[in-house]
Amino acid sequence: MLKISVTIALGCIAAALVLNFWRLVRGPSPADRILALDTMYINTVALLVLLGIRLNLTVYFEAALLIALMGFVGTVALCKYLLRGDIIE
Amino acid sequence: MLEFLTAFFLLLGGAFALIGSIGLVRLPDLFMRLHGPTKATTLGVGGILIASMLHFSTQGNGLSLHEVLVTLFLFTTAPVSAYLVARAMLHLSGKGVNRGD
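Here the protein sequences come in this chain order: U and V. Okay, so the first sequence: first residue is 1 according to the working numbering, each after it adds one. Okay, so the second sequence: first residue is 1 according to the working numbering, each after it adds one.
The set of hints was computed from the structure by calculation and includes no laboratory data. All values derive from a computational prediction rather than experimental measurement. Worth double-checking, as some hints may not be accurate.
What the hints assert, rightly or not - To spell it out: a stretch of chain V is covered by chain U in this simulated footprint if at least three of its residues, at any positions, have a beta carbon under 8 Å from a beta carbon of chain U; those stretches are:
1. 18-25
2. 40-53
3. 59-67
4. 81-91
Stated by the list, open to error - Across the chosen pairs, the derived CB separations fall in these ranges:
5. Val73/U x Glu3/V: 34 to 40 Å
6. Val73/U x Leu2/V: 32 to 38 Å
7. Phe73/V x Pro28/U: 28 to 34 Å
8. Gly60/V x Ile87/U: 44 to 50 Å
9. Leu55/U x Ser93/V: 27 to 33 Å
10. Gly62/V x Glu62/U: 31 to 37 Å
11. Asp29/V x Ile4/U: 35 to 41 Å
12. Met1/V x Arg33/U: 15 to 21 Å
For every residue, glycine included, the Cβ atom is placed at its ideal position computed from N, Cα and C.
Please take these sequences and the hints and turn them into a complete structure.
Structural data, given as C-alpha cells:
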C-alpha cells in the first residue's frame with residue numbers, strides 16, 4: 001500500500017512541476033517567473049523526500065534541506081534585484 | 001495502522017501540492033496566484049514530511065527528526081518569499097508604496 005501511495009504522490013508532484021514550468025515559460029511578468037521558480041524548488045524538496053521514502057534512505061534529507069536553503073536565498077536575491085536593481089548594495 | 005496513516009498523509013500532501021500548482025496556472029492575476037504556492041503547496045510539502053517522519057520513525061532506528069528541520073525552514077521562509085514577490089510586483093506595476101527604506 002505504501003508503495004502505491006508513494007507512486008501516486010510522485011505522479012502528483014511531477015504533474016505539479018510540469019504546471020510550474022508552464023507558468024515559468026508563459027508568465028507575463030518577471031514576478032510570475034520568480035513565483036514559479038519558488039514553487040518549483042518547494043516541489044523539488046517534496047520530490048526528494050518521496051524518493052527517500054521510496055528507496056528507504058535518509059541521505060536525501062540533507063539534499064532537501066540544502067535545496068530549501070538555496071532556493072530561499074535565490075528567491076530573495078531575485079526579488080531584491082527587481083525591487084532595487086541591485087542585490088548587494 | 002501506521003502504514004495506513006503514512007499512505008494517507010502521502011496522498012494528502014501530493015494532492016495539496018498539485019492543487020497549489022493548478023492554482024498557480026489557472027488563477028487570473030499575480031496577487032491571486034500567490035495564494036496557491038504559498039498556502040496549498042507548503043501544506044502539501046508539510047503532509048509529505050509528516051508521512052516521511054512516520055515512515056522513518058517506525059524503521060527501528062529511533063525517532064527521525066531530520067524532517068522537522070526542513071518543515072521549520074520551509075514554513076518560516078514561505079511567507080517571507082511571498083511578501084517579497086508581492087512587493088516586487090507592486091513595484092513593477094508602479095503602485096508600490098515607497099516608504100523610503
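To see whether the hints hold, each was checked on the structure:
Check on the region 18-25 of chain V: 6 of its residues sit with their Cβ under 8 Å from a Cβ of chain U, so the three-residue criterion for coverage holds. Proximity of the region 40-53 of chain V to chain U, defined as three or more residues with a beta carbon under 8 Å from a beta carbon of that chain, is established by the 8 residues found. With a cut-off of 8 Å between beta carbons, the region 59-67 of chain V has 4 residues touching chain U; three or more are needed, and the interface restraint holds. Figure legend: the region 81-91 of chain V, annotated as covered by chain U; annotation consistent (7 residues with Cβ-Cβ distances under 8 Å, at least 3 required).
Restraint check, valine 73/U to glutamate 3/V: a C-beta distance of roughly 37 Å satisfies the suggested window 34 to 40 Å. In this structure the supplied range 32 to 38 Å holds for valine 73/U paired with leucine 2/V, their Cβ-Cβ distance being about 36 Å. Against the hinted window of 28 to 34 Å, the Cβ-Cβ separation of phenylalanine 73/V and proline 28/U comes to about 30 Å, which satisfies the hint. Range check, glycine 60/V to isoleucine 87/U: about 47 Å between beta-carbon atoms, so the 44 to 50 Å window is met.
For leucine 55/U and serine 93/V, the Cβ-Cβ distance of about 45 Å falls outside the hinted range of 27 to 33 Å, so the restraint is violated. Separation of glycine 62/V from glutamate 62/U is about 18 Å and departs from the stated range, judged on CB atoms against 31 to 37 Å. Here the CB-CB span from aspartate 29/V to isoleucine 4/U is close to 38 Å, well matched to the stated 35 to 41 Å. For the hinted restraint 15 to 21 Å between methionine 1/V and arginine 33/U, the CB-CB distance of approximately 44 Å leaves it violated.
Checked against the numbered hints given earlier, this structure breaks hints 9, 10 and 12; the rest are met.
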